[in-house]
Amino acid sequence: MKIKPSWTCGIQIRGTTKKYNREIIQKAQNKVLRCIAQAPWLVSNETLNHDLRIDTVKEIIRKAAE
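Here the sequence shown stands for residues 1 to 66, numbered as in our numbering.
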């Protein structure tokens, strides 16, 4: 079972958003993933996303557009 964040519900309605807004959401996602994984600061966000099999905000928006 996959849990989707609430902001993904608005993708189809609002479409794409400004880069600045996507960055805010991505930063929040990065912080949450880092807390969940208890990862030290030297582990990159890219590595966290890959190891936890979580798409980035940009990838989620791209997939929804397809």
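I should point out that these hints are in silico values taken from the structure, not numbers from a laboratory. One thing to keep in mind: the hints can contain errors.
When the alpha-carbon atoms are kept at most 25 Å apart in a straight line, the in silico SDA-like pairs for lysine to any residue are as follows [claimed, not checked]:
#1 K31 with N45
#2 K63 with L48
#3 K63 with L42
#4 K58 with Q26
#5 K63 with W41
#6 K58 with S44
#7 K18 with P40
#8 K27 with N49
#9 K31 with K58
#10 K31 with K63
#11 K18 with A37
#12 K18 with Q38
#13 K19 with I60
#14 K63 with P40
#15 K58 with R34
#16 K27 with Q38
#17 K63 with E46
#18 K19 with H50
#19 K63 with T8
#20 K63 with I25
#21 K18 with D55
#22 K18 with A39
#23 K19 with Q29
#24 K63 with T47
#25 K31 with I61
#26 K18 with L42
#27 K18 with K63
#28 K19 with T56
#29 K63 with Q38
#30 K19 with N30
#31 K63 with R53
#32 K19 with R62
#33 K63 with N21
#34 K18 with K58
#35 K58 with E23
So the derived label-pair ranges between C-beta atoms look like this [to be verified]:
#36 K58 with R34: 28 to 36 Å
#37 L52 with R22: 13 to 21 Å
#38 K31 with E59: 27 to 35 Å
#39 E46 with T8: 28 to 36 Å
#40 D55 with C35: 29 to 37 Å
For every residue, glycine included, the Cβ atom is placed at its ideal position computed from N, Cα and C.
Worksheet entry | Unsatisfied constraints (hint numbers, rising) | 3, 5, 7, 11, 12, 14, 22, 26, 29, 36, 38, 39 and 40
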